[in-house]
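Visitor: Below are the chains, spelled out letter by letter.
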Amino acid sequence: MFATSMYPIERMIVESVAAILCLILVRFMIKPYKLTRDGAFLGLPLGFAFLGISYALAAISYSPLGFPQELLWLPLLTRSFAFIFLATTYFFSNRKSKNGYLLGELTISLLAIALAVLLLIAFVAPEFAFNGYSSANVYLRFVNLICLCYIVIYTLRSHVRNPDPATIWIPFGFIFLAISQYSLFFWYIDSSFSAFIGSLITRFVGLAIFLFVSYRTFYGSNEKKGTK
Amino acid sequence: MKKIPRRDKLKIYGDLLSVLRSEGDERKKVVLTHVQVQINVPFDRLKNYITELRELGLIEGEISLELTEKGRQYLREYERILEFMKRMGLTY
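These protein sequence lines map, in sequence, to chains A and Y.
Using our numbering, the first residue of the first sequence is number 553, and each one after it goes up by one.
Using our numbering, the first residue of the second sequence is number 64, and each one after it goes up by one.
Keep in mind that the hints are not guaranteed to be accurate.
[Stated by the list, open to error] If the Cβ cut is set under 10 Å, some of the chain Y residues that face chain A in the computed set are: (1) L73; (2) S127; (3) E146; (4) M148.
Please keep in mind that the hints were generated in silico from the structure rather than gathered at the bench.
This structure is a prediction, so every number in the text was calculated from the model and none was measured.
Glycine included, C-beta positions come from ideal geometry on N, C-alpha and C.
This is chain A alone, in the form it adopts within the complex (with noise of 0.2 Å):
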């Protein structure tokens, strides 16, 4: 496939950056799960996990090691089930009767179980996983899209009911991570390098923005000390 085998060095490097990247951003993620023990907040850690994760197995893929034909879906696969993580933490996050804090427990933990399911079904046998992997790319990268289309709407709402220049980046992340799934729509569908470029780096920027938040907010000075 043309798409696919688009210069290997290259995107190896830059899907192992976005690796490391997101599992410096897991770090930070996994502290309001670790303060609060709420399983809602589970899916923030787990979603930049397994972006790392798909990050990692797609650098792998590009590799001169190379990565068995069949599993080429996989970063496609857990790509898709980040994504799917992080809009569930966002759609229960508001949810606060103890009825919304369970559903939120059991949703991320029926997707987790989902996963495991799949990843089985693709070692014992990948071709009933799907019909191939040019349906998969793109069935999977539209479900990204709608995923990242609720987080944007979800969080820009959310800064809307309550203004704060420290809380419009986060919106702006997702909707880089959006632009860089839909660029590399167009890429799969026409190889057009513009459109590979472009998903590069907005992918990159949306990283950035999550990584300037967080080591902000941990390590910035703490303008609102003092104050609550």
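Mind docking chain Y on chain A? Use the hints.
Guide: Frame of chain A; chain Y shown alone:
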């Protein structure tokens, strides 16, 4: 009637420590009924929370309640995480 959002113990601890810190910073004598009004919990439960926080080593003092260094550190970390969740667009 406005519905009060569900708060877990962690959030109540955070609110209580925050109120005690601001009272301490203003060098006010801590009056439990004022604290009770500010964090909106029944008085008997407030006393239980204070006992628990004292056992955890987050507050000290019998007459005048003050945050220990551990308590201040805990509150700083708690506020940072709340700020992070707010910036991420998540509600807690």
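Visitor: Decide, hint by hint, whether the structure agrees.
Guide: Here is what the structure says about each hint:
Proximity of L73 of chain Y to chain A holds as hinted, the smallest CB-CB distance being about 6 Å (cut-off 10 Å). The interface hint given for S127 of chain Y is violated, since its Cβ lies 19 Å from the closest Cβ of chain A, which is over the 10 Å cut-off. At its closest, the beta carbon of E146 of chain Y sits 6 Å from a beta carbon of chain A; the interface hint therefore holds under the 10 Å criterion. At a threshold of 10 Å, the smallest CB-CB gap from M148 of chain Y to chain A is about 5 Å, leaving the interface hint in force.
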